[in-house]
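Engineer: Residue numbers (this note's numbering), protein chains in the order written: chain A, 1 to 185; chain B, 1 to 185; chain C, 1 to 185.
Don't read these hints as lab results, they were simulated from the structure.
Some hints here could point you the wrong way.
Same chains, same names: a pair is fine if it fits in one copy or spans any two.
[Stated by the list, open to error] Straight-line C-alpha distance at most 16 Å; calculated EDC-like pairs for lysine to aspartate or glutamate:
no., residue 1, residue 2
1, Lys63, Glu155
2, Lys158, Glu92
3, Lys156, Asp113
4, Lys140, Glu155
5, Lys39, Asp134
6, Lys156, Glu91
7, Lys120, Glu185
8, Lys140, Glu185
9, Lys120, Glu91
10, Lys60, Glu155
11, Lys63, Glu95
12, Lys158, Asp113
No experiment lies behind these values; they were computed from the predicted model shown.
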Amino acid sequence: MKTSQNLLALFNTAVLFTLILYFVSCQAKTQTQDDGPAKRLRDMGVELPEMSAPVANYVKYVKTGNLLFLSGHGACEEGKPGKVGSDLTIEEGYEAARLTGLCMLSTLHHAVDGDWSRVKQIVKVLGMVNSSPDFYEQPKVVNGCSDLMVEVFGEKGKHARAAVGMASLPGNIPIEIEMIVELTE
Amino acid sequence: MKTSQNLLALFNTAVLFTLILYFVSCQAKTQTQDDGPAKRLRDMGVELPEMSAPVANYVKYVKTGNLLFLSGHGACEEGKPGKVGSDLTIEEGYEAARLTGLCMLSTLHHAVDGDWSRVKQIVKVLGMVNSSPDFYEQPKVVNGCSDLMVEVFGEKGKHARAAVGMASLPGNIPIEIEMIVELTE
Amino acid sequence: MKTSQNLLALFNTAVLFTLILYFVSCQAKTQTQDDGPAKRLRDMGVELPEMSAPVANYVKYVKTGNLLFLSGHGACEEGKPGKVGSDLTIEEGYEAARLTGLCMLSTLHHAVDGDWSRVKQIVKVLGMVNSSPDFYEQPKVVNGCSDLMVEVFGEKGKHARAAVGMASLPGNIPIEIEMIVELTE
C-alpha cells in the first residue's frame, strides 16, 4: 500500500515537472542575437535616416499581438516629386522606393528597440506608386523597396506584395509604401 | 517515510493549484466597463448613424482572432460627390472623412455588441481620397477620420495610417476608408 | 492518515489527467476533411489555373500565425487590358475579377497544401480596379471575385471588402486584388 502510494505520488511529481518544463520552454524567448541585418546594412554602406515624424494625427506604427503595422511612408529625405512615367523614370522611381524602404527600416528599428533579431518576417508590402495613367511598370518601381528588404533580411525579407498606380500622393511624392511585419514575440 | 510522502503530496497539490490559478487568470476577461467613448460621443453631441448595408456581395466586417477588419466605408449619409481638389475643397473633404469615420464607428459599435470597452486599439486606417491628379493634401483630408478616432478613444484611438489619392471611387464619393481594430478578446 | 494521503494523491492524479486532456484537446487539429470547395469547383466546371510566378522580387503569399496574406493578383491567363469604364465594360471587368479570383484560389490551394478544410474564413478583399476617372461602379466589378468566394466557400467566403479605382495597374491589367485568409491552425 505504501509502495503504491509512493509510486502514485512520484508519478504525479514527474508529470508535474514535465508540465512545468513545457510551460517554461513555451514561454522562453530565443535569446540569440541576430546581428545579420545590422552587419548587412554596414556592409552596404548604408546609414539609416532619423525616424521621420508623422505629418498628421497618427503614429508611425502600431503593434498588435506579434504583428507590426507600419504607416504609409515616403522617403525620409526630400527627393524629386512627381508621377512616375511622366515626371520620373522607372530608375528614379526605383531609387525613391529604395529610399522609402530605408525610411521604413528606420521606423522598424525604432519599433523593435534596436534589436533586429525581433524581426521574424516581412509579411506584406503595399507599394503605391504615383503614376501617370499610362504607366504600367509599378512592379519595377516597388522592387526598390522589395530588393532592399531581401538584401537586409534574407529569407525573412521575402514578403507578399501588391504594386499599384495611384492618381496622386501627399506632397506629390513618387511613392508611398505601407508594410506589415511579424515580430518574434 | 510517511512525512516525506505527505510533503510530496502537499507539494503536488500546491503546484497544481498554482497552475489552475494561472489558467483561470489567463482566461478571465477584464470585466471593467469603459464608458469613455460613449460619454465622449454624447459630449460631442454626436449620434451614431444606423449601420449601413453593404452595397454588394460582402459583409461590413470580419473578426479573426482579436483583429476586426472593417470593409471600406463611405459616409452613411449622402453628401457632395466628386474629387477633392477639383469638386471639393480640403475642408469639405475633411468633413466627408469625419462623416465616414462616424459611419465606421457605427459599424464598430455593432461589431462589439455595443460594448466600447472591447475596443483595445485602433490599429490601422487606410484613407483613400478621390483625388484630382494634382491634389496633394490627402493627409489633411484623412485627418477628419483620424481626429475623430483620437477624440473618441484617446490613446487607444492613435493608429497607423496611409493617406493616398485614388483615380475614382464607387458612386463618386470623395473618400473611402478601411480600418483594422484590435479587440480585447 | 493513510486514507487522507490516498485521497490527496488520487485527487492530484485526477486533476492532472484533466489538465492533460485539456492540453490534448486544445492542440488536437480537427481532422475532418471538407470536400465542399473542391466539389463546388467541380460542380461549377471550373479547373484552377496553375499558380502564377511572381513578376518581381516577392512571394505569392506569407503565412503569419493563422493569417495568410496573399499578394496582389491579376488573372492567371492573359485577358483584355485597359481601364474599366473606357476600355472595358462593367461586365468585362466583372469577368476579369472572377478570373483574378480563380488565380487567387490557385495560390490559396497551394498555400494549404491542397486541403481546402484548412480555409476557415476569407477575411478581407481589396479590389483595385484600373478605372477611368469618371468610372464609379467598382463594386459591381469586384463582385466578380466576391461572388466566386461565396460560391466556393459559402458562409466562410463572406469577407470584408474595399473596392476602389486606381490610376493604373501593372501591365495595364483591369483589376488587381489582394486578400487575407484565416486558416484553421
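Engineer: Now tell me, hint by hint, if it's right for this structure.
Structural biologist: Evaluated hints:
no.	hint	result
1	Lys63 - Glu155	between (22 Å within a copy, 14 Å between copies)
2	Lys158 - Glu92	neither (23 Å within a copy, 34 Å between copies)
3	Lys156 - Asp113	neither (19 Å within a copy, 21 Å between copies)
4	Lys140 - Glu155	neither (20 Å within a copy, 38 Å between copies)
5	Lys39 - Asp134	neither (40 Å within a copy, 42 Å between copies)
6	Lys156 - Glu91	neither (26 Å within a copy, 41 Å between copies)
7	Lys120 - Glu185	within (9 Å within a copy, 19 Å between copies)
8	Lys140 - Glu185	neither (33 Å within a copy, 35 Å between copies)
9	Lys120 - Glu91	neither (30 Å within a copy, 42 Å between copies)
10	Lys60 - Glu155	between (25 Å within a copy, 14 Å between copies)
11	Lys63 - Glu95	neither (28 Å within a copy, 29 Å between copies)
12	Lys158 - Asp113	neither (22 Å within a copy, 20 Å between copies)
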